[in-house]
Amino acid sequence: MDILTINHLGKSFYLHQAGLEIKSCQNINLTLKKGEFIGIVGLSGAGKSTILKCINRSYLPKQGDIIYDSERLGLINLATASEREILYLRRYEIGYVSQFLNIMPRTTAKEHVMNALMDMGVVMENAETEAKEMLAYFRLPEDLWDIYPATFSGGERLRLNLAHALVKKPRLLMLDEPTASLDNNTKILVRDMLKNLKDRHTSMIGIFHDIEFMEGVCDRVFNILEGVFVS
Amino acid sequence: MLNEKPVMSIRNLLLRYGEGCPSCRGSLEKNRCAVCKTVWAVNDISLDVYPGEVLGIVGESGSGKSTLMRSLYFDFTPTSGCATLRDYKEGQKNIWDASSAERRMIKNTIMGMVYQNPILGLRMNYSAASNIAEKLIGAGSRHAGQMTLRAAELLEAVEIQTSRMCEAPKNFSGGMQQRVQISKALANRPALLLLDEVTTGLDLSVQAKVLDLIRKIKARYGMSILLVSHDLAVIRMLADRTVVMLDGKIVESGLTDQILEDPQHEYTQQLVHSLI
Ligand SMILES: Nc1ncnc2c1ncn2[C@@H]1O[C@H](COP(=O)(O)OP(=O)(O)OP(=O)(O)O)[C@@H](O)[C@H]1O
Ligand SMILES: Nc1ncnc2c1ncn2[C@@H]1O[C@H](COP(=O)(O)OP(=O)(O)OP(=O)(O)O)[C@@H](O)[C@H]1O
Ligand SMILES: [Mg+2]
Ligand SMILES: [Mg+2]
Ligand SMILES: [Zn+2]
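As given, the protein sequences belong to chains U and E, one line each in that order.
Numbering (the working numbering) for the first sequence: 2 to 232.
Numbering (the working numbering) for the second sequence: 2 to 277.
With the rest of the complex left out, here is chain E:
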């Protein structure tokens, strides 16, 4: 455990909307420059995710969590910074320098993503099974029968009945859509799962189901998980270590129980104390 290399390392990741100006440094109001209006959505983030661990990211709305996650999944290209993956060029190459074919390979086999908004992660008008098949094809599957079997297996694992696998996710409830996203993300057993607010907006009993599922995934497959949530209860339950984001920056990081019991930063204290 101690000598293991990170599954993913992020260094000095920066993503801004706008060109920036000489006054930016001293004129930021939250993440936005009062002078030039540039938004520093992700502002110099560095972190490591180790094999088999759940790294939690908490932070208020607008702190840059989704921007970070979506950049990692190539939806956005960062302004600067680098990220490496153990399973891509032995961690020697910045993922944002990857060719489009390599990016597809990374998205299909090394990382799986569950979006905060299911519309981004699912083809709503295709069947649940085809959503998964798309991933399997991306990883080289060609045999239709085998793919159907595998899709059924994956959907069963997230408790979606096989009888509904030919239905389109647009007919599913929010919790079911999140679960289809999860099974899609798991399709090729990636080393790293990116989970962005997977339980937000779901009612409590469904939330519990999804959380149970994530715990099972962690125990059964030993995957690494980068888990974004603004809900500290979710973080407490799942994360081994936690980083706290505010205005695009990491203001505090530590063991999850330490962050919750002995928070250092003013913002983290507010967050934790508002719970009690």
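Chain U with its partners taken away, still in its complex shape:
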């Protein structure tokens, strides 16, 4: 069973002021089976992040379909789904950890993770307990839990972002360079976490520049330049 099928996805950006069309990814075809973990590799600027952003609909796809098999909504084309449907799926089913870490201003690390749960209807006390567990799992120092992440280091922000996305236990998880700015110990931690998620049948797509590190966790690797899976 496939949870995600991407057919002929293409994305370009038209910049009015420059009168310029920037082509990002073109004719992407891929399928993700339920519980599978696909790694995406490719050169900088090849369009890797663009694919994930199209799935997340932070970018509007130009061509093609992104068919997602939703628990609640059945088969749905994320390229054309309504805003309300996308908001629903982001809240309950699809998680996304971005390459560049945007944090909510004036929200403490703990609140940020709690908000993800409270959006799903979890009551405050339970949200707090689960948020703390998640922050502890990613070894974010307790001193940082109750302050604004504006002053966090790159790795600390990333761990917060991971906690924010994973606390919801999404069915489909997208990860854009989730190990990029981490030290080796933390990288191993993230890998273990992803392995756990995989054991629980979470379907995942991740972009990695050091794909070797993910060996044994990723089932298949997709090279975007050639538009095909590589072994």
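Calculated from the structure, these hints are not laboratory results.
From the three backbone atoms N, C-alpha and C, an ideal C-beta is built for every residue, glycine too.
A few of these clues could be false.
As the list claims (entries may be wrong) - Pairs of lysine-lysine residues, derived as DSS-like cross-links and limited to a Cα-Cα distance of at most 25 Å, are as follows:
(1) U:K133 <-> E:K217
(2) E:K94 <-> E:K6
(3) E:K31 <-> E:K250
(4) U:K34 <-> U:K196
(5) E:K108 <-> E:K217
(6) E:K219 <-> U:K133
Said to hold, decoys possible - Reference listing, derived: stretches of chain E covered by chain U, where coverage requires no fewer than 3 residues with Cβ under 8 Å from a Cβ of chain U:
(7) 202-214
(8) 237-243
(9) 257-264
Unchecked claim - Simulated restraints on C-beta separations:
(10) U:E22 <-> E:E135: 50 to 58 Å
(11) E:Q162 <-> U:V124: 27 to 35 Å
(12) U:D147 <-> E:S206: 17 to 25 Å
(13) E:V252 <-> U:D66: 22 to 30 Å
Please build the complex by placing chain E with the ligands on the supplied structure of chain U, with the hints as guidance.
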């Protein structure tokens, strides 16, 4: 969440200053007809606001944002178009067909408004407490003691000290006036808040306070908010979905992050890129 009906639906709202002429359609310069000088301040706007969501409206000065908001709060009567509210006649009746008694009821209990200009939203010479009491009375309160307590509670929620509740807003700073407006708008827990540039003209630390407050309101009461701002940072922080207005029209709408990361319309691109 998916089957919920909108709290408010607006369809083909139009408000023009002037009679219009046969040339209007092809002769508009921005929102103004070069031939007959009619101003098409709000020009065929349709949108829905869903339960618990913040819908952002951005757009340049003069694009019709305040005209839209003030029409919804009955300050202006539109030329044509309709708006319905889930909590008024089950969404079956155009609010601009409401009687004046019904309009008062809608303004007191279904919608709360915070004006861009506090002079429009507050009685500057009455005390902060009486400003709020007026709303409570409008919703049927009669007991003076209870009203005082409730006013104190509402003002405390926006961090106005109870010791100052008997003072008139004319003595307050701009940020305090906006906060009194907000507590007034919240007085009867309306389903929908209309916020027109609530942070404009406030200094940064006060802005942050007001924004925090709006976030808390959203989280705590699950109210729907129609939020007008020309400040994309405010929109990014608060809005789930965003519409972009230009010359009285909606030129683009979408999820807020999509509008900011992948803007389609030339004007939106200008707006977003001028930030970076
Ligand atoms: N919002 C945007 N507006 C205009 N062009 C964009 C936008 N986002 C991406 N692009 C362009 O699309 C191309 C692919 O970008 P993308 O971010 O997907 O690359 P990537 O493979 O993730 O690269 P990296 O490994 O450096 O993160 C680039 O040429 C980029 O400039
Ligand atoms: N009485 C009037 N007669 C003619 N034109 C008017 C009148 N009142 C407002 N306008 C015009 O209607 C348009 C919309 O004004 P509005 O106040 O709604 O803009 P806005 O989007 O709220 O702008 P801002 O960001 O500056 O607050 C403007 O072009 C304004 O000049
Ligand atoms: Mg990238
Ligand atoms: Mg205005
Ligand atoms: Zn004309």
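Hints versus structure:
1. U:K133 <-> E:K217: OK: K133 of chain U and K217 of chain E at ~21 Å, within 25 Å.
2. E:K94 <-> E:K6: With Cα atoms ~15 Å apart, K94 of chain E and K6 of chain E stay inside 25 Å; holds.
3. E:K31 <-> E:K250: holds (10 Å)
4. U:K34 <-> U:K196: holds (16 Å)
5. E:K108 <-> E:K217: holds (22 Å)
6. E:K219 <-> U:K133: holds (23 Å)
7. 202-214: holds (count 3)
8. 237-243: holds (count 3)
9. 257-264: Since three or more residues must qualify, the claim that chain U covers the region 257-264 of chain E holds, with 4 doing so at under 8 Å.
10. U:E22 <-> E:E135: 50 to 58 Å: holds (57 Å)
11. E:Q162 <-> U:V124: 27 to 35 Å: Given about 31 Å between the Cβ atoms, the range holds.
12. U:D147 <-> E:S206: 17 to 25 Å: 20 Å Cβ-Cβ, so the 17 to 25 Å window holds.
13. E:V252 <-> U:D66: 22 to 30 Å: holds (26 Å)
Hint compliance for this structure: every hint is met.
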